[in-house]
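**Student:** Both chains come to you apart, so use the hints to assemble them.
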Amino acid sequence: MKSAVIVFPGSNCERDIAVALEQVSGHKTFHAWHRDTDLPEVDVIAVPGGFSYGDYLRCGAMAANSPVMRVVKERAAQGVKVIGVCNGFQILTEAGLLPGALIRNQSLKYICKTVDLKVENTDSAFTRHYTPGQHIGIPVGHGEGNYVADEETLKRLEGEGRVAFRYTDAAGVVNAAGNPNGATNNIAGIFNETRTVLGMMPHPERAFDPQHGNTDGRALFTSLLESLS
Amino acid sequence: MSVTHTPDREPKVTAELAAEHGLKPDEYASMLESVGRTPTLTELGIYSVMWSEHCSYKSSRVWLKKLPTTAPWVICGPGENAGVIDIGDGQAAIFKMESHNHPSFIEPYQGAATGVGGILRDVFTMGARPVANLNALRFGEPANPKTRHLVAGVVAGIGGYGNCVGVPTVGGETNFHKAYNGNCLVNAMTVGVAQTDKIFYSKAAGVGKPVVYVGSKTGRDGIHGATMSSAEFTEDSEAKRPTVQVGDPFTEKLLIEACLELMATDAIVAIQDMGAAGLTSSSVEMAGKGGLGIDLDLDAVPQREAGMTPYEIMLSESQERMLMILEPGREEEAKRIFDKWELDFAVIGKLTDNGRMVIRMHGHTWCDVELAPLFDKAPLYNRPTEPTPPQAEIAAADAPLKASARDTLLALMGTPDLASRRWIWEQYDSQVGADTMIGPGGDAALVRVHGTPKALAMTTDCTPRYCYADPVRGGAQAVAEAYRNIITVGALPLAITDNMNFGNPEKPRIMGQFAGCIEGMAEACRVLDFPVVSGNVSLYNETNGEGILPTPAIGGVGLLKDSTLAIGSGVKAEGDVVLLFGETKGHVGQSLYLREVHGREEGAPPPVDLAAERRAGDLVRGLIEARTLTACHDLADGGLAVGLAEMALRGKKGIALTGLEAADAGLLFGEDQGRYLVTVAAGDVAAVTDAAKAAGVPVTTLGTVGGDAITGLGGGALALADLREVHEGWLPGYMAGDA
Chain C
1378 MKSAVIVFPG
1388 SNCERDIAVA
1398 LEQVSGHKTF
1408 HAWHRDTDLP
1418 EVDVIAVPGG
1428 FSYGDYLRCG
1438 AMAANSPVMR
1448 VVKERAAQGV
1458 KVIGVCNGFQ
1468 ILTEAGLLPG
1478 ALIRNQSLKY
1488 ICKTVDLKVE
1498 NTDSAFTRHY
1508 TPGQHIGIPV
1518 GHGEGNYVAD
1528 EETLKRLEGE
1538 GRVAFRYTDA
1548 AGVVNAAGNP
1558 NGATNNIAGI
1568 FNETRTVLGM
1578 MPHPERAFDP
1588 QHGNTDGRAL
1598 FTSLLESLS
Chain U
1039 MSVTHTPDRE
1049 PKVTAELAAE
1059 HGLKPDEYAS
1069 MLESVGRTPT
1079 LTELGIYSVM
1089 WSEHCSYKSS
1099 RVWLKKLPTT
1109 APWVICGPGE
1119 NAGVIDIGDG
1129 QAAIFKMESH
1139 NHPSFIEPYQ
1149 GAATGVGGIL
1159 RDVFTMGARP
1169 VANLNALRFG
1179 EPANPKTRHL
1189 VAGVVAGIGG
1199 YGNCVGVPTV
1209 GGETNFHKAY
1219 NGNCLVNAMT
1229 VGVAQTDKIF
1239 YSKAAGVGKP
1249 VVYVGSKTGR
1259 DGIHGATMSS
1269 AEFTEDSEAK
1279 RPTVQVGDPF
1289 TEKLLIEACL
1299 ELMATDAIVA
1309 IQDMGAAGLT
1319 SSSVEMAGKG
1329 GLGIDLDLDA
1339 VPQREAGMTP
1349 YEIMLSESQE
1359 RMLMILEPGR
1369 EEEAKRIFDK
1379 WELDFAVIGK
1389 LTDNGRMVIR
1399 MHGHTWCDVE
1409 LAPLFDKAPL
1419 YNRPTEPTPP
1429 QAEIAAADAP
1439 LKASARDTLL
1449 ALMGTPDLAS
1459 RRWIWEQYDS
1469 QVGADTMIGP
1479 GGDAALVRVH
1489 GTPKALAMTT
1499 DCTPRYCYAD
1509 PVRGGAQAVA
1519 EAYRNIITVG
1529 ALPLAITDNM
1539 NFGNPEKPRI
1549 MGQFAGCIEG
1559 MAEACRVLDF
1569 PVVSGNVSLY
1579 NETNGEGILP
1589 TPAIGGVGLL
1599 KDSTLAIGSG
1609 VKAEGDVVLL
1619 FGETKGHVGQ
1629 SLYLREVHGR
1639 EEGAPPPVDL
1649 AAERRAGDLV
1659 RGLIEARTLT
1669 ACHDLADGGL
1679 AVGLAEMALR
1689 GKKGIALTGL
1699 EAADAGLLFG
1709 EDQGRYLVTV
1719 AAGDVAAVTD
1729 AAKAAGVPVT
1739 TLGTVGGDAI
1749 TGLGGGALAL
1759 ADLREVHEGW
1769 LPGYMAGDA
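Protein chains in written order, with my numbering: chain C, 1378 to 1606; chain U, 1039 to 1777.
Just chain U, with the same shape it has in the complex (with noise of 0.2 angstroms):
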């Protein structure tokens, strides 16, 4: 027998249990402040999740403020569950990217699982249909013992829970550094499509709505995850396992269809999901934002287990769950659908006016605080910054090239930050929808608006060795790379999301990188009139005090009008020519290059000019528009010889280069940026010079499709199954232990 939880069982709030649940002795005497005597032990956690780094952003805030978040076709920018962009016809496209770091860390397979869920669910709860989903990763040294461990177990939990609910894994990016040995990043993006006047919305109106619960049941999983991922790791982080949730793929491809079902009705004033800080982070926003009340009855909350506390069931992070305000009288509607897709629904409060959040159970009242102060005065931190020492600028002739340029580039190839992702792709469902035009392995997924001509382009970048080097640099060239491969496959960049993830903002090094990033990014995107529409702020990830690189991952969206003019990344047919757009000035400072043959991870990464990016970017798709191109691929990591590589394997044909067999390894694997690659006919040649030059981006004449080896390099033929052998074996040879 249980015995029933009453008030006078719970441990006494006091400065030191505030301090366990993470608050600073400032932050726990403001919360005195606010309450205006000592609070209940539900009071405190309600306050200690409300008031993490996680839900308040305390440390970020005053810095993103700074990114430009308007454009004509913005619908709506940050602050709600996701962004939302016009893309014409009265259709709009909602996308969001979220970190699960310290859970997949911990926990990899459920870590990553559940990240997938949460930011499905940030998408669907706005009205959307996911129609894609991407992952930007980052793990450890290949060396280190856990990285395979890790990188098993993430790929599995974002295949196991993507697949299950039906929604295309069509894109993303993997890297491995040692600086991620103690603090993998796992950031998963959805892109989901809605119409204009079916966008929904958390802020919740109306007194005496109710407030309904839907989904799965609460467990006592996840309890205080959100706090978790606002703290530094240490050695016994392992112990925190328990408060990584578990999901349930299934429930969440239920949920999907019921509320989508229920949408298409006009029952629903505001509707939010459960996510970090589960019940309590969803009912104080959604009448915070409608500056109301709320009275939460939480026996009515559908429970997993028995002899739960009001404590544990405001914090549970149990999945699948979704809170709403629905019109009254429509609650027997509502819940015929989500009876059909076997789903509990259950009424468990309604707004007031009083302002107040006030929850109650078993005849008690365990929280009678005023809402307005979990957010409005949750603290603020305008912390000190250092900024990066600027890094010398290293000249190409000061790392040659140790071995031919053939040789070269068939090992960088096989190196972990270039060899190819397939193992990791084909574990995806890319092509459930069949909408999937370009899916894993093109520079930017291409996924159709289902039932017309339209196409949305996504991709998420960011080279955190350039964040490292120089923030500004590399903030800048991180949106400059999502703005770049959302071009080549023909599409109009759009807007972004960013997903921050940073050391511990106390130290001013760390906060300083923050800042700079956020200031490279922001330059960025009104140059390239790509604004940032959602994101995410992951700090504390550092294990033992040592921080993560700086990593601003960006996830950019695009819209190609007429799918038709796709254009792929693989070079196309026999005798077309290929051009390099821009300017190459042999930039080897922080290039893999440098860092794989000469084992130095050091200079200035390279600048980025952000008008050359958009004269260049313009020139592609007007050319792309015109149908003259016939392949297209932006050059990155591993600069010009690796882009030429990646095309031929892509397109299985090889290339015959000319004039590059003394090229120097500034011209062969700088990194310079704001670079295209383009295969046009053989007839097109004189007319895309002309247009190139027209536009002022530079063009250079490397040579013609055609074979089944790259030639012209010093060093002799490059065979393209030696090449596929070299770049295909690494990752599998790696997860099979070979290496």
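This is chain C alone, in the form it adopts within the complex (with noise of 0.2 angstroms):
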């Protein structure tokens, strides 16, 4: 599995997500900057969490039009994986290459901690190692995590099975006490069309490594490592 990890001024989870990529496929990650306009042949592309461009304009605004982008959605388009995480999630849906939108939490606070989480739909090459309804716990750290769309889409995203994980309580029932941020229908990840682009706001490469005291993110990589090769 090659993989890479595109960098924007102001990421700051490039180097977490890469050395979990790197652990579990034994390849080096690419580190692509903001004003790349080519990439390698690779198997998955991470877009990172962090704050691009300070997130001074819409999170996620500024990078989704950065010159790299454009190569990331022509991947997207031949069927590369793509891997938003936090920051990366609101990047691809500034992008298009996700419905909807992360708007800033209902609390108005930023919130780091370990949530609960329900995985839904365990039919993707980002979720084969979960099982259907795995009850997982992984951190978030956002202020701007709380996930919306119109009826429309959310109908289509729940309809097509394109909800990946969702917000529960520590019991793991879908509730309003269990999620952190106001997201719709507890919405923490979702697929594209083709479950080939995944975003989320829980950030699995903080949940790797049993020195992290949680290795409940770990399954994403290696249901990508055997996925993709």
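Misleading hints may appear alongside valid ones.
[Unchecked claim] Taking lysine-lysine and the DSS-like style, the derived pairs with C-alpha atoms no more than 27 angstroms apart in a straight line are: (1) K1236/U <-> K1599/U; (2) K1690/U <-> K1490/C; (3) K1184/U <-> K1486/C; (4) K1450/C <-> K1378/U; (5) K1623/U <-> K1440/U; (6) K1405/C <-> K1378/U; (7) K1415/U <-> K1062/U; (8) K1236/U <-> K1405/C; (9) K1373/U <-> K1241/U; (10) K1327/U <-> K1241/U; (11) K1236/U <-> K1373/U; (12) K1379/C <-> K1405/C; (13) K1415/U <-> K1241/U; (14) K1490/C <-> K1610/U; (15) K1241/U <-> K1103/U; (16) K1062/U <-> K1545/U; (17) K1378/U <-> K1247/U.
The set of hints was computed from the structure by calculation and includes no laboratory data.
**Tutor:** See the structure below:
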């Protein structure tokens, strides 16, 4: 599995996700700069967390229009797997690779903690090593993770099995108490139509190593490895 | 059209103008003598900031010299941007803590944010990648109308800056006390990691070498911030808001990456961040340390607004700026890196051999003074000190329990100084970098040294009410508690940074507090082999004549060579046995119990037996190294019962206590020092007890881990669910306006 991670000015999780990709694949992850107009041949592209361009406009809006994202869109259209985490998820929605938008948390505060999640769909290159309905814990760290979309989009996402992860309470129940940011339908992560693009607010790379105290994010990377090699 | 500024448009410098700049009459006289003529406005500005308390440490220097600053592992002690210690394998930890108290009180979001930005720059300017932030916060009493606003703003500011730059905020402490009603304390600490052969210092060298400015443009913000921070507050301090700088964490992130990229080459001779007093202090310090002169051409300084005067440019505290001396001929290579990161880069002068600071702009010379007096002749005061009278020892029998032990513990766990700080630290990204092993809410934070088996332990500690009651004991206790917290995760305590927050040093009682705290700290540092490698002094923390509690905040750093040894402070497994190391005499003086239950904030604070601290610390660390302990927690505020409750809450398991049903307040809530709670597998109790006895450390068996309640206290079982509700409930409720 060959991978690239996209680095924008203000990205800050590129090393973390590259470590996870490199550890499962044994291949060095290529670091692409926002001004790059080409990428090496890779199987998966990661759009990392952080504060691209300071998030001084709408989160992800500037990054979505950077030169490198034109290449990412081309590759996504060819079926190359794309995962956007946190700011990466925001960028993918702004770039039109995923529907909907991520707005300010309902609490109006940044929140960093491990959240409970339900794995909604394991029929993808990203989630095949989870079991359907599996209850996992993965850290979030964001101020704008409140997922919103119009009625029609939500209906399609739900009807087509494109919700990847949903927030739950500690008992694994999808409810308001377990929703950290006010996301519609407790949505924590979604796929595109072909399930080759995944955007998610939680950081699987922060629940990867036994020393993180939690390895529930690891299956996402091993899923990719199995799917892509 | 702006008119070009010329020297004849500037006000004439007089004794009155010098006084407005904070210079005392004798200080101004000394300045006149050094300059040899009536200074220009720019020269007065430069002198006034360099001789301010903030930059010159004129009241504290004689005392700071008493602190031990060396050890075989210390690479660089106080005097540079931050302290440097050896952590093996050619790596160094670089760290410092710094206050941003005055700005944070005036404008909490920006004040706290730029505090984080400033301390980050102090660390990466030395070649380190910042790997962790901590913060020590003190606010006024909750009932004070301004407290809620300050907590919300300071926390949002720290998060807003730290989260964006991608450095995890992993620990710290927060207290509430009425003595901070008019002066909150915001002390920010950064820890970074560098290669020992790639450490950068601020001492300039090489006549003719270019002086280079990088980072953000210079604006009119923060002019005279250093002078503001060197004066007491009055009611009209709000009017000083324009002297508070505005932070841009995105630019800081770019600056970190660009500087580290340039530092990987050998183009940099010296580098210094532009912090307090901006371009003035950075240029004076760099050239001064090198024994050289400096010529600056201010027309070349990147400016954010038109029509700025030399005075404004030299005194601006605009953020996210660095000054460096480059090897000649390397400018283009360096500029390419800063262009890539879209940051300003300008050659603004050169080093000279004449020992003078010469500033030119618009074809005029605005400053031409000898450099040396700016730091050599800075005022130095050996201010009178008056010791704090000793407080009476209070016997536990004089402060009996007023309710059952169970109910008292439950109530205490929801008081402002003991309640959970989750509401604060969940607003900080504590995990970016993916190396955080123990984040906020533990005794010490633990962060892996990326790509190695090592981890750095770090903590901030101080108990200001102890320091107020007995500065010497309080100073020693702050260092000892930092030492203990680092021990609890298994690390070897290596060095500290200190942030000395005090009131007006011109008052003998305040200066006596300073001297006393230094004495206690120095003794603890010596006995515990825990030297001071960096620090910061913040004086004049007074409003309308009311001083804060003396607050020498200690930031400790330790090394765990094998991170797989690490243990946490939450109980681990059902059936583990809970042991107490250290002696309990039942010291209730200055305890939170005495304050919260009896409304008495009095008595002598607990004594600190440094030799016993050392014995207990070595014992615990040895047992962790042998993988014998399953959890470890130090005892501090609230004493034994609070420590047990915290361990149970963190581990989400109950504890069945034995032999404590009839325990008195002193035993349960006394704050005797040098104690640890540990858990061990039942089969290891005998061996651990023997080891403790052999080490001369008192050991007591307290109970067994299990269930979902703390049982065995007088008054019946205390369910963890009830305890959690009270402990977690206070701060969110208070911030929501419920309390």
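**Student:** Against each hint, give a clear statement of whether it holds in the structure.
**Tutor:** Consistency of the hints with the structure:
1. K1236/U <-> K1599/U: Cα-Cα ~22 angstroms, so holds.
2. K1690/U <-> K1490/C: holds, 17 angstroms
3. K1184/U <-> K1486/C: It holds: about 20 angstroms lies between the C-alpha atoms, which stays within 27 angstroms.
4. K1450/C <-> K1378/U: With Cα atoms ~24 angstroms apart, K1450/C and K1378/U stay inside 27 angstroms; holds.
5. K1623/U <-> K1440/U: It holds: about 20 angstroms lies between the C-alpha atoms, which stays within 27 angstroms.
6. K1405/C <-> K1378/U: At roughly 23 angstroms apart (the allowed maximum being 27 angstroms), K1378/U and K1405/C satisfy the hint.
7. K1415/U <-> K1062/U: Given pair K1415/U, K1062/U holds - Cα atoms ~14 angstroms apart, limit 27 angstroms.
8. K1236/U <-> K1405/C: Cα-Cα ~26 angstroms, so holds.
9. K1373/U <-> K1241/U: holds, 22 angstroms
10. K1327/U <-> K1241/U: Holds, at roughly 5 angstroms.
11. K1236/U <-> K1373/U: holds, 20 angstroms
12. K1379/C <-> K1405/C: holds, 8 angstroms
13. K1415/U <-> K1241/U: holds, 19 angstroms
14. K1490/C <-> K1610/U: Holds: K1490/C and K1610/U sit about 21 angstroms apart, inside 27 angstroms.
15. K1241/U <-> K1103/U: holds, 21 angstroms
16. K1062/U <-> K1545/U: Since the Cα atoms of K1062/U and K1545/U sit roughly 16 angstroms apart, the hinted pair holds (cutoff 27 angstroms).
17. K1378/U <-> K1247/U: holds, 24 angstroms
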